[in-house]
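K.L.:
From first to last, the protein sequence lines are chains A and B. Note that my numbering has the first sequence beginning at 20, numbered continuously upward. Note that my numbering has the second sequence beginning at 4, numbered continuously upward.
Quick caveat, the hints were computed from the structure, so don't treat them as lab data. Mixed in with the good hints there might be a few duds.
To be verified - Calculated lysine to aspartate or glutamate pairs in the DMTMM-like style (CA-CA distance at most 25 Å, straight line):
#1 K108/B to E150/B
#2 K127/A to D459/B
#3 K212/B to E150/A
#4 K135/B to E482/A
#5 K211/A to E249/B
#6 K263/A to E249/B
#7 K140/B to E215/A
#8 K127/A to E150/B
#9 K140/B to D376/A
#10 K135/B to D471/A
#11 K211/A to D248/B
#12 K263/A to D248/B
As the list claims (entries may be wrong) - From chain A, some residues computed to sit far from chain B (all C-beta separations above 10 Å):
#13 H273
#14 W320
#15 L353
#16 Q371
A virtual CB, placed ideally from N, CA and C, is assigned to each residue, including glycine.
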Amino acid sequence: MRILTRFRRGFSLLWERKWQVLRGLACMPISALLVLWMAQLLGRVVDRLRTHSDGGYDESALLEDCLLLAAIAAVDAVLRFGGRHQLINASRHMEARLKSELNAHLAKLSISWFDRARTGDLLSRITQDVELVRFVTGPTLLYGTSAIVLVPGGVYLMLEFSPLVAGAALVSFVIMLAGIALLMPRLHKHSKAVQEAIAEISQRAAESFNGIRVLLAFARGRGEVEAMSQLSNRYVDCNIELAKLRAWFNVLIHACREIVIIAVVVLGAIEVGNGTLTIGQLLTFLALLGAMVWPLIAIGWIVASWHRAVAAADRIEEVFSAEPEAQTGRDVELHGRIEIRGLTFTYPEQSQPALIDIDLTIEPGQRIGVVGPIGSGKSTLLAILLRFYDPPRGTVLVDGIDILDISPKSVRKVFAVAPQDPFLFSDTLGGNISFGHEDVDVEGFAAAASLDTDLDAFPEGWETIVGERGVTLSGGQKQRTSLARALAADRPALVLDDTLSAVDLATERRILDNLRSARGNRTLVAIAHRLSIVQESDLILVLEDGRVTARGKHAELVRQPGYYADTWRRQSEETMLERGLPE
Amino acid sequence: MVQFRGYSDDQVEARLDFAHLRDIWPFVRPYRGAFAACLLILLLSFGIEILGPFLVRWAIDGPIADAADGRPMDVSAIAWLGGAYLATSLVGTFLSFSYGMLTAKNGQRVVRDLRLHLFRHMFLLGPPFFDKNPAGKLVTRITSDVENLNELIATGVLQTVFDLLKIVGIVAVLFLLDFDLALFGLVVIPLLVGVSLMFRRYARDAYRKVRSRLAKQNAFTAETVGGVRAIRGYGREAAVQQHFDELNEGTRDGWRETILYFAMFFALVELALRFSQAGLLYVGGRGIFEGTVTAGLFVQFWMYFTKLSEPIRELGEKYNVLQSAFSSSERIFGILGEAESPPRAKDPVESRPGPATLRFRDVAFRYLPDVPVLDGVDLDVPAGTTCAFIGPTGAGKSTILSLVSRLHDPTEGRITLDGDDLRDLELESLRRRIAVVPQDVFLFTGTILENLRLSDESIPELRVREAIDAIGAADFVNALDGGLHAQVEERGATFSQGERQLLAMARALCHDPDLLILDEATANIDSESEARIQRALDVLFEDRTVLVVAHRLSTVRSADQVIVVDGGRVQVRS
């Protein structure tokens, strides 16, 4: 019963609604019994009608039977409603709980886990895979419990009437089920091909639109349309293949149903001739066939979908089985004195160290600059300070305590990071700045980050919705929002992670001026490519290939030949040209 | 706590507007024969559907009744009727198969044509269009919106008309067969229609609501995964979980509503059918007592009734499909109605390759009526010379360059290339003479080769190799696994800034432009890359007319003229 262990989590969540499930499960078999009863009653009435001349059946008896039929139908309708309502709701409850638990589990996983996970894949697990499990669970309960009674009951009744006719019907059903089981996997395969084909179109279009300026400038529009035309043709072919399968699927069901009817009518007619079957029983037969076809199709469909649901459940379990982030360490209030002693760090599953032998002491209130080319280890250093990754014991201390002995939550409370490419949530501009902190002087912090000058660009001021589902901000506006957010968080240390890279020089100047007073007595750690940002730092660290290749104040570093002096010269030239003053 | 308010409920109402069918017609027209065939198939299959129950009735009232009443059964009659039924089933199956295939083909082809037309048109709309529409939104137009039209085109209109016809047709047949029974049927049909209509409205609204909630929940999930570092860094895990649970429960409650309607609908449709069955049994039974109705007629009636419920149910569902298709077509034809930018010249002149001389005469440009970006710009760039632009960010340097390749047109004044006004030139021939090296290099998913020649097969691979050699990018390109045929990963994020710049220069060089537009890269270039870029520039600038936004002194020094751009005005130095 491997399937049961796979779905254990789903079942236990479903069981949270056990009365709902039980009520629903009780409804469906009873409804199935009523369907059988109605089919029988129909046949009996027709037989009585045919033999009414023999006496004993009149209009009032007919009316009674018809009313009984209507009454059964009414009860059946209530049961059908109840069964579907209870079971599908229970399955939706399971889906919601599963999503919530997944989300809660994700919150515990380490950043390095997120680094390894591919975003698209992860999202499809949280959304589509959970929905797929739900999608199979609900109907399985609903049609399963109904079919368990309906199919054996129907077969029993048929056998009682006429084993020959029942045999013919059963053979057709078996063929139909076998056909469904055979076609379903292909249907899945082809619908996947169709999805992939449209995904390709979508990706290609996204590429074209993102690179539109290049394409327009090089007059390559025609080439893109040509490529799109090929993709579209392939998509059409995939769709026609799928349509063909679907058409065959319909042929199968249609043909089976019709052939059953012919077989039943022809064979039944012969039996009627032999006197072993009445016309009424023949009608009951046809009614039973009609009632059984749909649950059988549903069963075929469910059986064929189960392997996908099992695969989806496995992918979900994989996320659940990922180890949560180490929660070692205690909660402490920290001032933010940071000591790094001979830190060498290698990312998990990599051989080359990202940081080699780093020494650094940051006193509260100091201004520290970290510069260096891309990939020199600046971001790694920051990630370790935030305990997104664990360094070797004894190499990083905060307030004299080894970082491994401090809970990640406490460590992170020391820093307010403003990243270069910040993530803005679909929320108001103000909400993105206060970011959950109450009574925040949004305007004040926005002014310090020089964002107030752009307020006119936002239709509803601080109440404008921004982010994925709102107004798109320019790179510079995003960065300044991120800075305002970091200031609003009011943490002992403010970290600028190349925060002002998309901001023009004049604005940068203004922000740096504002920061002098806005940062108060907070520590300022500035990671930057533009040296004007670290120029005033008490200590500047130059990182190259994971090592500190130079350290000191700006005045000292510009005089030493090397990365810092080179970069300074280049950036000064650029600034000069921006001011329009050559010579 | 007021938070994440981006997710408040919002609903878009779409109108049912048949005017769009006229817009769609030109795309359907080429396949009108196939659509006519579909209509024919539908009519034929309707005939088959009417015929089947007659055969069943004849079998029951003929040989079967004989047998039941102890008369000798006419075996040949039952064989004949069985055979006829089998034949009609086979023909019906064949027709439904052909219908499925034909409609799929028709819909897909029309939709493909529409998609390509839309895609091509977007290119003609130019930068202003792409500036105001995010790429993600446009991708949705090309994919889901076009897709939404598929069902409308393939089966929507035809099927809806036919469903209506079918209902009328079956009712007519019922009346011809037996007036009393048919009259009873007319009582039941409104009941079914009523249930369907009610369901249609409530379920659609509920479903739409839950779809929009689910979309928001999924978007939030995507944001929390993308923004995981910000959430952890600021310790916002609990608030995120709380908000997620709110959204999640909102979605679940939304589902609860749809489940209620669906459960009601399925139960009620079943109930309506059963009630009419009981009623039919009673009315028919009385007819049997009176001798006006036979068992066969009763069964035939019953079969028609079952058939009737199908188009009625379909109509309810089709309404939703049509509605979403109409709102999509509104968006699509809205784009198709937009004017091309730049506008096409009346009698375009082909711009011929050769040395390029560029002139600006009193050029002004503004995005908004009262905000001039450029004003009174006069420039002369003789063929084969280099013109460097300097000045503060936002002063208009990039705008001047964008006017040359006609990404925008001047609001006033004129720009000429070799004496021809740019606006009179055939756009593609103009752009083929120009190559652009932007500051921020865009690399497409694909091989290096495809990225350099931009899938222009007329540029031989050899020329691309020569360009790479000349630019000095050969060493790192050849070091890649697959060399020139290596796939660009993560939009080129694996390359350093300097390498990306070199690739952009190689891209320009292999297109061998007469006029080169270049925005020098600044950030993150190490000293070694800088020296390489300097050598590459020397190669690239040779024998070409060059407009360059300069960020380095050496570029300014080697330029033939230097233009200072400030506040939208230009000043010529040296």
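K.L.:
Each hint should be assessed against the structure and marked as holding or not.
P.N.:
So, going through the hints one by one against the coordinates:
At most 25 Å may separate the alpha-carbon atoms for a hinted pair to count; K108/B and E150/B meet this at roughly 14 Å. Among the hinted pairs, K127/A with D459/B is inconsistent with the structure: their alpha-carbon atoms are about 49 Å apart, more than 25 Å. Between K212/B and E150/A the alpha-carbon distance is near 17 Å, which keeps this suggested pair within the 25 Å criterion. For the given pair, K135/B sits about 21 Å from E482/A by alpha-carbon distance, which is consistent with the 25 Å threshold.
The straight-line distance between the Cα atoms of K211/A and E249/B is roughly 33 Å, outside the 25 Å bound, and the hint therefore fails. Taking the CA atoms of K263/A and E249/B, the gap is about 43 Å. The hint is violated against a cut of 25 Å. Note on K140/B and E215/A: the hinted pairing holds, with a Cα-Cα distance of about 20 Å set against a maximum of 25 Å. Note on K127/A and E150/B: the hinted pairing is violated, with a Cα-Cα distance of about 39 Å set against a maximum of 25 Å.
Between K140/B and D376/A the alpha-carbon distance is near 48 Å, which puts this suggested pair outside the 25 Å criterion. With a CA separation close to 23 Å, the supplied pair K135/B and D471/A stays within the 25 Å bound. The hinted pair formed by K211/A and D248/B fails the criterion: a straight-line CA distance of about 31 Å is larger than 25 Å. A distance of roughly 43 Å separates the Cα atoms of K263/A and D248/B; the hinted pair therefore is violated under the 25 Å criterion.
With 10 Å as the threshold on Cβ separation, the claim that H273/A sits away from chain B is violated: the shortest Cβ distance comes to roughly 5 Å. Its beta-carbon lying about 16 Å from the closest one in chain B, W320/A satisfies the requirement of being farther than 10 Å from that chain. Distance check for L353/A against chain B: the nearest CB is about 13 Å away, which clears 10 Å, and the non-interface claim stands. No beta-carbon of chain B comes within 10 Å of the beta-carbon of Q371/A; the shortest separation is about 16 Å.
When the structure is compared with the earlier hints, violations turn up for hints 2, 5, 6, 8, 9, 11, 12 and 13 and for no others.
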